[in-house]
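Based on the hints, put chain B in the right spot on chain A.
Chains as they are written, first to last, in the numbering used here: chain A, 78 to 262; chain B, 13 to 772.
Any given hint might turn out to be false.
Covered, in the sense of this in silico footprint (three residues per stretch, anywhere, with C-beta under 8 Å from a C-beta of chain A), are these stretches of chain B [stated by the list, open to error]:
| # | region |
| --- | --- |
| 1 | 99-108 |
| 2 | 160-167 |
| 3 | 616-628 |
| 4 | 631-637 |
It should be emphasised that the hints constitute simulated quantities derived from the structure, not laboratory data.
Given the structure is predicted, the values throughout are model-derived calculations rather than measurements.
The beta-carbon is built from N, C-alpha and C at its ideal position, and this holds for glycine as well.
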Amino acid sequence: MAALPGELKYIQYEHSLESVYLPAIRALISKDLSEPYSIYVYRYFLYQWGHLCYMALNPSDSSLVGVIICKLEAHASHSPPTMRGYIAMLAVSATYRGHGVATALVKKAIDAMTHRNADEVVLETEETNIPAMRLYERLGFLRSKKLHRYYLNGNSAYRLVLLLKQIDPDAATDLSLDEVDTGPS
Amino acid sequence: MISSAGIVATDVTRRFASATATLPPGALIKDGYFTLFESVGALEIMDPKMDSGCLAPGESLDEDYDVTRPLLPSEVLGIIDQLLCLEMAWHLGYPLSQTLFTNVYIEAMLNPYPTTIQEADFIRPRSGEPKAPRDPMFSVLRAYCLGLLKACWYVNERIKFEHFYEEEDFVTNTYRRSLLDDIDRDEIRDEIMAARTLVHNIRHEISDDMAQALGFRLELRTAFLRAIELSELRSNPDSLSLPWVQMKALWDPIYKSRHLGTPVPEAFSTKIQRKLASTMPPRPIVQLSFEETYGHFKKLFNDGIDVLKVLSYSDSQSLLNFVLAFQAQKPQPLVYIRTLLQNFLFKDMIILGHLSIRHVIDDDLAIVVMPHSTLLDKSHDSVELPHDPRFAIAHQMELFRQRAAQSYLDIFRALCQNRCRVRRTFCHSIQDWETVQMDAEEIDQLLQIQLDEKPMAYKTSPMTSSDGTGASDPPAYSLPLSSWAYLYKLKLMEWIVQLGFELETYHPDELAGMYWYLSYLAKTRAQHVERIKAFTMQRLNEVRVGTNGGVRNDNRSGGFLTPQAEAQFTRSLSYLRATILDAAVTWELADALSYLYTVLQREGLVAPPPRPYSTDELRYDIRMKPFAPIGLPELPAYESFVRAATQPESGTAELLEYAARAVVGARKGLEVLSKLSEKEAFAVGGYKRWSDGVKRCMRTGIDAGISIERVRAAFAARAKAGGGEGGKGKLALKVEVPKPEKAYHEWWIVPKVEVIDVEK
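If we strip away everything but chain A, and leave its shape as in the complex, we get:
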């Protein structure tokens, strides 16, 4: 584990940064994936919710150290619909892990989603990814359900949920735990 190269710079993504950072973002994220995402998956998130994407940059050369990619939209299977934030991807360069970079990125994303009126934030994480689960659970996420063989490698996942606002018990009629989610994470 290398020491951090001084104070990291955390910046919000914006479309004008695509040519500079998208290749690095893809490279960083695909490292932990057995299946690569096409560029459209990245653009799907970054073009629509660039404001929910944060990058941690090395202060000396502005190279990418970590990134978080999210979305936030009305979730339809609930009535009334909730504003549901979704953490789609989170990655930190292996050399700089263990310094709280991922936690800092997640916090920035949650803050941004809270600011934009999110009711809840959800994500899926591989059951074997103990560090990720610990990170999210330390922030307040709860495992709401387990998803059997969710990933192509045959591993199961946990759905983690962070409720930011009280559910209105009178308004909500569908309180089931289920919905169709095809999102990557």
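Chain B only, in chain A's frame:
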């Protein structure tokens, strides 16, 4: 360019190019229907991980393996053993494209589509040519593959027919390849037979050991096909189990002879995936070791024998217990076995091949709430006078069955799913049962008029009543149908919480609260069953003395307890007693663990994470979301939950005392449970697994007792050293919350408490 009279083509290239020139790279132009799903499905051309046609420099598109090259016996054995590993990987949930369809012989056999047994060959005879004599090793490999593929076809069809989750449990996609769909299994059996004879005849040339090794593998294929064929009969389990027993017997010799094989890795290739009907680029072959494969097949054969036992029906509750315990196995039976179980249970709406749904539901109602009841009298069906109460009863009961049957059968169906899905499905089911209960209550009220039922005052048992005194409730009606529905709802709610432990859904600092909630549900169940029992006892007394009201002309209300009626009452009371005992054990164990975790949390030995973004109350909302819509029993208010999980009014020594007492209570109850016969336990057909479950709970009790004692000792030692209960300093203990699979029972997470030496 396409040209036709109906199409006027316009070249838009230039317009498109000029329009896109105004966009920055990466801009996304999309309509509202373009979702994440679409974007995930998009491919990038010339990326080798996405573009199935993208080749590395010098790479050939096709495999250049020659399937006509001569094969040594050891190579055939090696290929067969590799196929066994791939077959198992498929059973485990990986697609054919990454398993069996990576084999060049199978590909040559299936492509082009074979419609006759002659065409199903990796070396196809040219039409018109006389059949040339062929290498016996080709015949062996071909016969093996025929048996393998046909078995896969049956397995795939079985799974597709039942309820399962595509890609989660299993991938049924055959990529438009046939699995010998059109070829008769008898023809295939003949080919395997012929190959076995062939092997026998050349045993001196290839060595006896080799001949035997190949022979066993061919026999395995015959037995597998036979097992599948017999399972369609749904008849006597003993006769159906023969081929499974045979496979089990063959399996060890097969495993032990694996060293005779020579692997032929070049006969397996990911390139074949490019020819399959799929847009997926080639993905790696799923490679199980033969050791892993051995374990999985062994379990498959054992489960294959075991699952047949469901076919000997004894009673509805034994059936439920069988399915429960069978599916709770770790690891769970493979999806094929799970769908076989569904098929046995439900095929053609005939339960286990010979029972009507009504038979099973009525049996269940008789066991749970209405032994020897006029409500279940089949002779009422033939009453045609609309004013006759018997006509009304038959009609109302039929309405009820129609209302409840699906929900009732869904419990069995849900239990056949993977464990994650069982829990998620039950989260929905409880809402369904809530309405079943309400609808049932309406029917109950109509029936009580027909029966002229008198309300009864009954005393809640002091053991389970909330104030501990046994308050007398106002006179009430028995409401048998809604009581039955309520009992299932309560069981489902308990199962949801218990599966939460099993699936490691709860954080260690949630355990005190969740065990408290489990105890609350189990107590509610016990109270409810006590109520049912009180009404059953009252009816039994009425029947005995002949004051049983109800329908006139009912020969059952004659006043004397016939042996048949007595047997029905005895069976029901025995069920109610066993259920109360089970509920008692559940709440005692749950109480013990809840108190223990409360203490560990107080002492900082189980610490909550900081959670800056969350509040305890919001997390309670999330955790209890499935239970929030349920009106009865109502979800405890957050404040009462917190009080129950933290026990602010009780001292730590007191809590440890409660915990210890609860363990003693649980162990006493388990002692009694363990002595029940298979009939008394309602575990006919699955008694061994049921009593194994009881034993594991007994060990849990012992384990919990030890942990509690260690905490007590450390607590007492600290009090002695530092001035009473409020003694300062951390307890000299190390606490570890084990993973469910490390616990004696997945539903009982007993913390491991170890004394640490502070001197060191």
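Status of the hints after comparison with the structure:
1. 99-108: Holds, because 3 residues of the region 99-108 of chain B bring their Cβ atoms closer than 8 Å to Cβ atoms of chain A.
2. 160-167: violated (count 0)
3. 616-628: With 6 residues in contact (Cβ-Cβ under 8 Å with chain A), the coverage given for the region 616-628 of chain B holds.
4. 631-637: holds (count 5)
Hint 2 alone, counting from the list given before, is not met by this structure.
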